[in-house]
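Chain residues, written in single-letter form:
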Amino acid sequence: MAANMSQKETHWNRTRNLMIVHMVIWFIFSFVVHWFAPQLNKASMFGWPLGFYMAAQGSLIVFVVQLFMFAKQQDRIDRECGMAEEE
Amino acid sequence: MSMFRIQGSFIDNLPKIYGWYTGGFLVFIALMALGEKFGMSADAIGIGFVAFTVVIYAFIGYLSRTAQVDAYYVAGRQVPAVFNGMATAADWMSGASFVAMAGGIYMGGHPYLAFVVGWTGGYVLVAVLMAPYLRKFGCYTVPDFIGTRYGGNLARLLAVIVLIAASFTYVTAQINATGTIAAKVLQIPFGVGVWIALVAILLCAMLGGMRAVTWTQVAQYIVLIIAYLVPVFWMSSKQGFGYFPQFEYGAAVAKLTDLETLHQVGILKPEHAVAGMSALTVKHSVAMDDPIAKIKFVTLVACMMMGTASLPHILMRYFTTPSVRAARNSVAWSLLFIFLLYFTAPTLATLTKLQVLDPSLATSIIGKPVSQVMALDWVQKWHNVGFLSVIDANKDGIVQINEFFMRGDIVVLATPEIAGLPAVVSGLVAAGGLAAAMSTADGLLLAIANALSHDLYYKMIDPKADTKRRLIVARVLLLAIGAAGSAVASMRLTGILGAVAWAFDFAMSGLFFPLVLGVWWKRANQAGAVAGMAVGLGVGTWYLYAVKWGGMKPWYGIDDLRFGIIGAGASLIAMVVVTLLTKEPDAETKAMIDEVRIPKGASVLASTH
Numbered sequence: 001m002a003a004n005m006s007q008k009e010t011h012w013n014r015t016r017n018l019m020i021v022h023m024v025i026w027f028i029f030s031f032v033v034h035w036f037a038p039q040l041n042k043a044s045m046f047g048w049p050l051g052f053y054m055a056a057q058g059s060l061i062v063f064v065v066q067l068f069m070f071a072k073q074q075d076r077i078d079r080e081c082g083m084a085e086e087e
Numbered sequence: 001m002s003m004f005r006i007q008g009s010f011i012d013n014l015p016k017i018y019g020w021y022t023g024g025f026l027v028f029i030a031l032m033a034l035g036e037k038f039g040m041s042a043d044a045i046g047i048g049f050v051a052f053t054v055v056i057y058a059f060i061g062y063l064s065r066t067a068q069v070d071a072y073y074v075a076g077r078q079v080p081a082v083f084n085g086m087a088t089a090a091d092w093m094s095g096a097s098f099v100a101m102a103g104g105i106y107m108g109g110h111p112y113l114a115f116v117v118g119w120t121g122g123y124v125l126v127a128v129l130m131a132p133y134l135r136k137f138g139c140y141t142v143p144d145f146i147g148t149r150y151g152g153n154l155a156r157l158l159a160v161i162v163l164i165a166a167s168f169t170y171v172t173a174q175i176n177a178t179g180t181i182a183a184k185v186l187q188i189p190f191g192v193g194v195w196i197a198l199v200a201i202l203l204c205a206m207l208g209g210m211r212a213v214t215w216t217q218v219a220q221y222i223v224l225i226i227a228y229l230v231p232v233f234w235m236s237s238k239q240g241f242g243y244f245p246q247f248e249y250g251a252a253v254a255k256l257t258d259l260e261t262l263h264q265v266g267i268l269k270p271e272h273a274v275a276g277m278s279a280l281t282v283k284h285s286v287a288m289d290d291p292i293a294k295i296k297f298v299t300l301v302a303c304m305m306m307g308t309a310s311l312p313h314i315l316m317r318y319f320t321t322p323s324v325r326a327a328r329n330s331v332a333w334s335l336l337f338i339f340l341l342y343f344t345a346p347t348l349a350t351l352t353k354l355q356v357l358d359p360s361l362a363t364s365i366i367g368k369p370v371s372q373v374m375a376l377d378w379v380q381k382w383h384n385v386g387f388l389s390v391i392d393a394n395k396d397g398i399v400q401i402n403e404f405f406m407r408g409d410i411v412v413l414a415t416p417e418i419a420g421l422p423a424v425v426s427g428l429v430a431a432g433g434l435a436a437a438m439s440t441a442d443g444l445l446l447a448i449a450n451a452l453s454h455d456l457y458y459k460m461i462d463p464k465a466d467t468k469r470r471l472i473v474a475r476v477l478l479l480a481i482g483a484a485g486s487a488v489a490s491m492r493l494t495g496i497l498g499a500v501a502w503a504f505d506f507a508m509s510g511l512f513f514p515l516v517l518g519v520w521w522k523r524a525n526q527a528g529a530v531a532g533m534a535v536g537l538g539v540g541t542w543y544l545y546a547v548k549w550g551g552m553k554p555w556y557g558i559d560d561l562r563f564g565i566i567g568a569g570a571s572l573i574a575m576v577v578v579t580l581l582t583k584e585p586d587a588e589t590k591a592m593i594d595e596v597r598i599p600k601g602a603s604v605l606a607s608t609h
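Top line first, the protein sequences correspond to chains A and B. Note that the working numbering gives residue 25 to position 25 of the first sequence, counting from 1, and the numbers run on in steps of one. Note that the working numbering gives residue 498 to position 498 of the second sequence, counting from 1, and the numbers run on in steps of one.
Treat the hints as calculated values from the structure; they're not laboratory data. The C-beta atom is built at its ideal place from N, Cα and C for all residues, glycine as well. Any given hint could be a false lead.
Claimed, not checked - Keeping only pairs whose Cα atoms sit at most 30 Å apart, straight-line, the calculated DSS-like set for lysine-lysine is:
| id | chain 1 | residue 1 | chain 2 | residue 2 |
| --- | --- | --- | --- | --- |
| 1 | B | 522 | A | 8 |
| 2 | B | 238 | B | 283 |
| 3 | B | 553 | B | 283 |
| 4 | A | 72 | B | 283 |
What the hints assert, rightly or not - Using C-beta positions, here's what the derived DEER-type ranges look like:
| id | chain 1 | residue 1 | chain 2 | residue 2 | range |
| --- | --- | --- | --- | --- | --- |
| 5 | A | 47 | B | 369 | 31 to 41 Å |
| 6 | A | 47 | B | 234 | 18 to 28 Å |
| 7 | A | 73 | B | 601 | 18 to 28 Å |
| 8 | B | 602 | A | 28 | 35 to 45 Å |
| 9 | B | 258 | A | 32 | 23 to 33 Å |
| 10 | A | 73 | B | 476 | 44 to 54 Å |
| 11 | B | 258 | A | 39 | 18 to 28 Å |
Just need the whole structure built from these sequences, with the hints factored in.
Structure (structure tokens):
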């Protein structure tokens, strides 16, 4: 039972760390990038003013990729800690 | 429709069934196009599209009828991740996303993109903080989680109240949108249209609850995404903007900056206001380097994201997957399917604007003689229905930027006509808008009716009710809520119902922190959650009232669209303070939270409860 508890703890620590990593990425592409949109707009990417691009497409692509990665990473944590569901 | 007879392996056959369905829909579009060639009128084509799709939705709704509680509330928890992703995308994208978003960007430029960022990034919160844990919990409704995690009927009741405050204004707007399209296509009065719309919406949900709504929403997603993308690809390749304009319109954005200087956008202001319409006064890609403008952008993003993660009709979609793992994957798929529309909307806004502003294109309006503009077919058509207006204020006979007024909705609805595409495309767009509005209305109605039937009736009033009785109550409530929504919609209180954003603010004010902290903070207790919901909803509503009607000056640009910032802030403070002042949750509750945090093992609530 003690071993089981510590396994649960490891699982939750890793889960929480993964959550923090993803919340940091989320925060940057939700808020920080758009706060500096006026400055970013002075640069251009494939013709787009960069600030506009990030709000119209860039952040969105980051979110989509991030979520597929998150699903994979969390799944790995679950399996390695023996906490995954039985299929 | 013989494929529906293979009952047992329905889930295994999903790709085949919806593959056939998609093929069938494309064949139908081709038939309508053929019909147009042989003289079928545009009106008849519109009726054809609407009737054909609604009959299919109703048929799916009928086939999905059920007499089982878990099928009715959570589709029997067997919806695969990808299909649940499609259903969520349809549930999510409302009539407003479909019709108004591109127009909003056209008129509002960069600041409006806060909606695009907010309505996609919210899914990161859903996936990382909420959906997998709520799925493990095994609840039927969002108040079911609150009520069980924190214990006590008061917490459950408050969650139901927040849910209704958030969902009801939203559903009325969707019934309104469905009714508007029905009225326009069938050429009946709006007051009749909303009731016909309600019948169509209920046909999808009445008999099969969540199971029926799930399979119709998948069908509706397929229709709405085809209807959104086909006109854009077609218009783009026809007008020489490229075959895949989403990845090529950068140059168009840059070009607009020059054209805005040429046409003096932002310098010339309209001399008269025209009700419901506006002239273009905001530059497309300019982001103002001013603290209030920046605060407005990020607070709107924050409200839409936290609202997304608190809206019960979205969260409850993730209760239907077979596993916790599938719930997580499903959020990623949902966002991918939503992304397809949301990254196309700015593309459409940009290209439409270019067509109107660029004098080197045949479609241009600004800088042309008034008589020539008024002779255009599409201008006349939308002018006649009050969506567009040209007022030659300086009487020089030329259309200036501040003399051309329109409603934002035109950007999606008129694109086929501006580019000279056949009428069949307009019929397709009507079917798409209808699918978007109906699917969202269904999800919202079900969320409200289920919370009332499961949490209020079964859990609080009559816990001994048998399955049959519970399902009858659920259906009667669905009917009643739908009728109430239609009655309010038919009163056309557009000024009050216009703000879909409020639904997000209400949801985040009352539910965001009680939901998140319920999983992530073991110490959170009943008194804290009750305080969080009551104070959040109360303070949020007070602030909304004060800035919208009370004449109070918004704090730091936080206006009525952003009141959730104030509500959720108050909710967090109240919840933390009250929790720390009262005693810790008991060992049993803590053990329950430990269980919720791991995917393995049985769900906290029994699969049928």
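Hint numbers not upheld by this structure, sorted from lowest to highest: Failing hint: just 4.
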